[in-house]
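Protein chains: 2
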Amino acid sequence: MKVIITRKILPIAIEMLEAAGHQCLVWEEQLPPSKEKLEQLCHDADGILSMLSDPFDSDLLAKCKNLKVISNYAVGFNNIDTAYCKSHQIKVGNTPDVLTEATAELAMALTLATTRNIVCSHLETKQGHWKTWEPMGYLGMSLEGKTLGIFGMGRIGFCYAKKMQRAFGMNVLYTNRKPNPEYEKEIGAKWVSLEELLTSSDILSLHSPLTEETRNLFDHPKFQKMKKGSYLINTSRGELVDQDALVSVLKQGHLRGAGLDVTTPEPLPLNHELQNLSNVVLIPHIGSATDESREAMAQLAAQNIINALKGESMPAQVI
Amino acid sequence: MKVIITRKILPIAIEMLEAAGHQCLVWEEQLPPSKEKLEQLCHDADGILSMLSDPFDSDLLAKCKNLKVISNYAVGFNNIDTAYCKSHQIKVGNTPDVLTEATAELAMALTLATTRNIVCSHLETKQGHWKTWEPMGYLGMSLEGKTLGIFGMGRIGFCYAKKMQRAFGMNVLYTNRKPNPEYEKEIGAKWVSLEELLTSSDILSLHSPLTEETRNLFDHPKFQKMKKGSYLINTSRGELVDQDALVSVLKQGHLRGAGLDVTTPEPLPLNHELQNLSNVVLIPHIGSATDESREAMAQLAAQNIINALKGESMPAQVI
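Listed in order, the protein sequences are those of chains G and W.
For the first sequence, the residue numbers in our numbering are 1 to 319.
For the second sequence, the residue numbers in our numbering are 320 to 638.
Hints in this document: simulated from the structure, not taken from any laboratory.
Mixed in with the good hints, there may be bad ones.
As a list, the in silico BS3-like pairs of lysine-lysine whose alpha-carbon atoms are at most 25 Å apart [what the hints assert, rightly or not]:
#1 W:K629 <-> G:K162
#2 W:K450 <-> G:K35
#3 G:K162 <-> W:K481
#4 G:K227 <-> G:K190
#5 W:K504 <-> G:K162
#6 W:K547 <-> W:K405
Which stretches of chain G does chain W cover? Using the computed rule of at least three CB atoms under 8 Å from a CB of chain W, they are [as the list claims (entries may be wrong)]:
#7 4-12
#8 51-63
#9 285-299
Remember, predicted model here, so these are calculated numbers, not experimental data.
All C-beta atoms, glycine included, are put in the ideal place defined by N, C-alpha and C.
Please model the entire structure based on the sequences and the hints provided.
In structure tokens form, the structure reads like this:
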């Protein structure tokens, strides 16, 4: 059957799909296909291996007459109209778990880069602004024994919290729909209200999916409630954050810094103020960007399609 | 008595010294004093709170006729002629332990920034070179289950190794004069030859002091022995590394990246090739740069002087 892969990914996915007897067509360009191109590519596809950047809304899906399965190369799937898929017997898969470790590592890398001024001090070194060892220069915050607040304690949030707790002896608080006694047992994490999370955390790290409840949840009043001198880390979705409010609390000095792997939109316009604050580390949505994780994602995304097209259960099925 | 503080540091040090009845003179300039200025400042000092950047050789020390104690604001003291001090009854102190945690955290920040392309991906985002989410872009190496090699397993090396092992389940190897059964017990670290350290480590991290044996130890033949695709992290002293050899193995692609908090000299000339490789993270010797650590260093450095001038034992005495 015909399978479209909407961007160039590691070759293992094509190898697996071809070994299962499918014909693969890969969009090889550097930039993603436009909506018109997607429609041309996908109108007769049986399966699609899609990216978060591909907007599979009902309009586009309605044009894919043969479509039996979409396998999204990501853990999130907010680019796909899942209600439409459900009502039209199109299966939807994703790639959870295999990117948990890489994304938790990235969240840790981003936290430490932010609290220890890695990016701004690198730039000052490279630009020749650093002249000599500075007893008062580039001071950051030690993590040892500080309080870490996790908003959204799913797989990735917990993996990150566990690493931070084990490495730095951090005191972990979390806000989630429900408490989980396992978290208490494994790392002493305490389930708290959002109010307490905001007022008590030295580092507040967002790990929640984008939903109507979380969209723009972190606004000016919430940021004002955060502890003075604390840091915001976001590796989930840019839309959780009111970016103008974030700029304002960073400029005031109420927050000491922010590390953002995600923004709205991506990329952020170059004249956006978040691009020009020296205490903001802005990176290009690279949570899952390791060789190991992207290889495992490619395998899982391909297997989802192979199984669905055989009528078998998918290893990671959303719908 | 008269105490010179050779750079502006956190005010707690002066408060303590003045409370003990001493008169403090602080060099307030942005850049350190020249050797001539140091001589003018220190010729009648009873105590000196010095920085790594102050070259207290025998020539300069001979001019400090009243000197009873030098307290170096660092864990290292390779800027001080300790043989001269010993033979002239000048006590020498340093600030170990209080910067162990901060330096281990920084080594971890630097490791993760290097393996996960934080700096180069930030720059491409900021310069507008990043256009859209990239399935094959900015791929780094996952740390989970990889092998970490520690050269110089002292306090800082062990603190870093412990954090890396606990966070990422890394397999830890180390080279040190002697094995330490505690390390084996606490984190399963294995004592190995330098040869095995080089050939087996995915991350090689240097934590050794600068001595005649370690100077330029990491040269071209040693880098060639390192595992292909591995990373070098240096938070100890720049002089351990032959920088031209490092440039060459990085350009070949034999090493995948390097994170350097220390170089020779500091700062490195702007036209040095290490300044222009996108897989090198170069930061301005900020191992101990946290509020918490610098405050504790200021207290300890001041206490060393207070005790020495009272003829009491110093909390951190080298000589």
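> Are 3 or more residues of the region 51-63 of chain G near chain W, judged by a Cβ distance of less than 8 Å?
Replying inline: holds (count 3)
>> Just to make sure I understand the rule, a stretch counts as covered if three or more of its residues have a C-beta closer than 8 Å to a C-beta of the chain. Does the region 285-299 of chain G meet that for chain W?
In response: Our answer is that it holds, as 8 residues pass the Cβ test (under 8 Å) against chain W, meeting three.
>> Please verify whether G:K227 and G:K190 have alpha carbons no more than 25 Å apart.
In response: Given pair G:K227, G:K190 holds - Cα atoms ~18 Å apart, limit 25 Å.
> Holds or violated: W:K547 with W:K405, Cα cutoff 25 Å?
Replying inline: violated, 46 Å
> Quick one, are W:K504 and G:K162 close enough, alpha carbons at most 25 Å?
Replying inline: holds, 22 Å
> Given the proposed pairing of W:K629 with G:K162, does the C-alpha separation stay at or below 25 Å?
Replying inline: Given that 25 Å is the threshold and the Cα spacing comes to 47 Å, the pair is violated.
>> Verify this for me: three or more residues of the region 4-12 of chain G with a beta carbon less than 8 Å from a beta carbon of chain W.
In response: holds (count 4)
> For the pair supplied as a hint, G:K162 and W:K481, is the alpha-carbon distance within the 25 Å limit?
Replying inline: Cα-Cα ~14 Å, so holds.
>> Can you confirm whether the C-alpha distance between W:K450 and G:K35 stays at or below 25 Å?
In response: Roughly 17 Å between the alpha carbons, so the hint for W:K450 and G:K35 holds.
The structure is inconsistent with the numbered hints 1 and 6, although it conforms to all the rest.
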